[in-house]
Amino acid sequence: MASDDLGTLQRELVPAAGPATVSHGTIVLVLAAAELVTTARRLRDEFGFDLLLDVTAVDWPADELRFEVVHHLYSTRHRVRVRLKTRVGAGNPVVDSLCALYGSAAYMERECHDMYGIVFRGNRDLRPILLYEGFEGHPLRKDYPKLREQPLVAYREG
Amino acid sequence: MDTTTIANPIRTSLGRNAAEGSVIVNIGPSHPATHGTVQIVAELDGEKVLRTDVHCGYLHRGFEKECEDHTWHNLIPYVDRLNYVSPLINDFVYCDAVEQLMGIEITPRCRYLRTLLSEYSRVVDHLTCVAAALMEMGAMTAFLYLVMVRDYMYEHIAALTGARVTHSYGRIGGLARDLPEGWLVRLEEILVQYEEFVGRVHALVDRNRIFIDRLRGVGTITTAEALSLGCTGPLLRSTGVPIDLRKDTPYLAYAELDFDVPVGIQGDNYDRYYIRMREMDESVYMMRQLAQMLPEGPINVDDRRCTFPEKTLVYSQIESLINHFKLVMEGPVVPRGEVYCAHEAPNGELGFYLVSTGGGTPHKVHVRSPSFVHMGAASRMLDGGQLADIVPTFGSINMIGGECDR
Numbered sequence: 042m043a044s045d046d047l048g049t050l051q052r053e054l055v056p057a058a059g060p061a062t063v064s065h066g067t068i069v070l071v072l073a074a075a076e077l078v079t080t081a082r083r084l085r086d087e088f089g090f091d092l093l094l095d096v097t098a099v100d101w102p103a104d105e106l107r108f109e110v111v112h113h114l115y116s117t118r119h120r121v122r123v124r125l126k127t128r129v130g131a132g133n134p135v136v137d138s139l140c141a142l143y144g145s146a147a148y149m150e151r152e153c154h155d156m157y158g159i160v161f162r163g164n165r166d167l168r169p170i171l172l173y174e175g176f177e178g179h180p181l182r183k184d185y186p187k188l189r190e191q192p193l194v195a196y197r198e199g
Numbered sequence: 070m071d072t073t074t075i076a077n078p079i080r081t082s083l084g085r086n087a088a089e090g091s092v093i094v095n096i097g098p099s100h101p102a103t104h105g106t107v108q109i110v111a112e113l114d115g116e117k118v119l120r121t122d123v124h125c126g127y128l129h130r131g132f133e134k135e136c137e138d139h140t141w142h143n144l145i146p147y148v149d150r151l152n153y154v155s156p157l158i159n160d161f162v163y164c165d166a167v168e169q170l171m172g173i174e175i176t177p178r179c180r181y182l183r184t185l186l187s188e189y190s191r192v193v194d195h196l197t198c199v200a201a202a203l204m205e206m207g208a209m210t211a212f213l214y215l216v217m218v219r220d221y222m223y224e225h226i227a228a229l230t231g232a233r234v235t236h237s238y239g240r241i242g243g244l245a246r247d248l249p250e251g252w253l254v255r256l257e258e259i260l261v262q263y264e265e266f267v268g269r270v271h272a273l274v275d276r277n278r279i280f281i282d283r284l285r286g287v288g289t290i291t292t293a294e295a296l297s298l299g300c301t302g303p304l305l306r307s308t309g310v311p312i313d314l315r316k317d318t319p320y321l322a323y324a325e326l327d328f329d330v331p332v333g334i335q336g337d338n339y340d341r342y343y344i345r346m347r348e349m350d351e352s353v354y355m356m357r358q359l360a361q362m363l364p365e366g367p368i369n370v371d372d373r374r375c376t377f378p379e380k381t382l383v384y385s386q387i388e389s390l391i392n393h394f395k396l397v398m399e400g401p402v403v404p405r406g407e408v409y410c411a412h413e414a415p416n417g418e419l420g421f422y423l424v425s426t427g428g429g430t431p432h433k434v435h436v437r438s439p440s441f442v443h444m445g446a447a448s449r450m451l452d453g454g455q456l457a458d459i460v461p462t463f464g465s466i467n468m469i470g471g472e473c474d475r
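Chains as they are written, first to last, in our numbering: chain A, 42 to 199; chain B, 70 to 475.
Calculated from the structure, these hints are not laboratory results.
A virtual CB, placed ideally from N, CA and C, is assigned to each residue, including glycine.
The reader is advised that the hints may include incorrect statements.
Subject to a maximum C-alpha distance of 20 Å in a straight line, what follows is the list of computed PhoX-like cross-link-like pairs (lysine-lysine) [claimed, not checked]:
| hint | chain 1 | residue 1 | chain 2 | residue 2 |
| --- | --- | --- | --- | --- |
| 1 | A | 126 | A | 183 |
| 2 | A | 187 | B | 134 |
| 3 | B | 380 | B | 395 |
| 4 | A | 183 | B | 134 |
Residues on chain B that point at chain A, a partial pick, calculated with CB under 8 Å [as the list claims (entries may be wrong)]:
| hint | residue |
| --- | --- |
| 5 | 404 |
| 6 | 407 |
| 7 | 409 |
| 8 | 433 |
Based on the sequences and whatever the hints tell you, model everything.
Pasting the structure below:
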């Protein structure tokens with residue numbers, strides 16, 4: 042993206058936490074949870090970010106708002122990526138779903154729900170996708186022990 | 070005999086609101102015609118597919134969790150096992166991401182070699198995909214032609230990396246070893262073989278009535294749908310848009326190469342077959358350019374933060390011994406930060422999102438795998454089609470379980 046495009050983004054799209062920064066070629070926007078859908082909609086409709094590439098989260102157990110929900114978007118017109126970062130706490134790990142904007146959100150949010158227990162409000166299908174029905178806990182949380190086993194079929198004795 | 074029922078690992082979204090007279094069948098996860106452990110629950114009206122519910126995860130092995138417990142170097146064999154059909158590309162994306170975090174610029178020879186090997190992997194991946202897809206429709210000869218050429222390539226890559234499938238050849242800041250004597254000569258011999266056998270497959274398949282009837286207008290997807298569903302790679306290009314990271318955001322040596330981006334016409338299975346065939350030709354063209362351009366010089370950067378010292382020095386100098394020890398035991402020190410790095414893998418955008426807290430092990434490794442995203446789009450392509458078309462359509466998406474389920 043040309044630097045004037047970034048300038049436009051920084052001028053017009055200023056979230057509560059401050060303007061966009063650039064990190065390793067990716068534009069980074071830090072958002073409050075309430076701003077996520079409106080920002081994503083503006084990015085899609087006004088700035089041409091037509092691909093939702095990825096939804097994931099990062100667990101920072103020491104922080105009060107420990108989950109950082111991370112969305113990556115790509116603009117096929119400007120050929121640039123943007124990263125949206127939203128913090129939520131463990132007590133109420135809810136962010137709004139981007140399902141209404143991007144079809145790809147449905148599956149990727151399911152994975153993030155599996156792995157971190159983030160609830161995507163508005164995604165009506167948060168069934169397990171990589172894990173199985175009845176799996177307890179969210180394995181990518183830092184407090185989930187790596188060696189914990191949850192076999193579907195009990196081990197045979199002897 | 071133990072009569073306790075085993076819990077169903079999935080809960081399908083079908084079943085409720087099933088149409089009058091429809092039947093719900095379960096295809097997979099272990100089905101001879103789906104080369105991947107995927108489960109498709111389909112609601113059928115006769116042979117017509119009304120709705121599908123695609124489940125993956127049967128190959129989930131906690132890749133991302135495991136990564137958080139190992140040094141940056143130790144992950145290289147793991148990332149090999151994501152897309153195990155083109156593991157070199159996984160290696161190079163991962164290494165590129167770590168190098169960006171560390172601020173390392175790889176040597177020119179390494180840059181060209183990685184580009185050449187990426188294209189080589191793309192050819193291997195597409196050969197596998199096309200061969201399997203054709204075999205599933207009964208084309209055994211085409212399968213054997215393509216897989217034979219692929220095997221020459223596997224053996225040839227094994228001569229370089231030491232392994233046929235999981236090469237572990239990338240290194241942070243370089244590559245495991247340089248080309249052996251005569252490797253490029255053998256490469257040209259194989260490319261000539263490739264041209265002959267791919268030419269035969271073109272002659273067998275392209276204008277074959279059976280294949281056209283099976284592939285044309287089947288599994289169709291529009292550009293708008295593909296973009297909304299996050300599709301990239303041949304799946305997106307089959308809808309007619311030339312979106313390719315090698316052209317759009319050039320990395321490695323792609324900016325210096327001459328190549329075309331083949332696109333389809335209507336986003337159906339035939340277009341995806343043909344795009345893969347054409348992309349392989351472009352890759353071969355690029356590999357020939359790269360073989361000419363390949364500069365001499367070192368393949369590893371001279372950076373003590375990531376590159377292992379010479380073995381002779383490890384045995385003779387205390388500084389090199391300590392350097393080696395710390396790289397093995399503590400891992401390369403990657404500065405605090407985060408990066409998203411993506412390359413154009415054979416199936417679409419393969420991205421690594423890495424978060425470092427400044428230590429020798431990652432805080433988080435996330436893979437944006439094209440196969441997983443494409444599985445989310447599969448229902449759109451399967452619904453409304455015929456039961457028999459599930460297999461070719463699924464084959465044309467080329468889902469790779471290791472990468473999809475992680």
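Structure-based check of each hint:
no., hint, result
1, A:126 x A:183, "holds (19 Å)"
2, A:187 x B:134, "holds (7 Å)"
3, B:380 x B:395, "holds (15 Å)"
4, A:183 x B:134, "holds (9 Å)"
5, 404, "violated (11 Å)"
6, 407, "holds (7 Å)"
7, 409, "holds (5 Å)"
8, 433, "holds (5 Å)"
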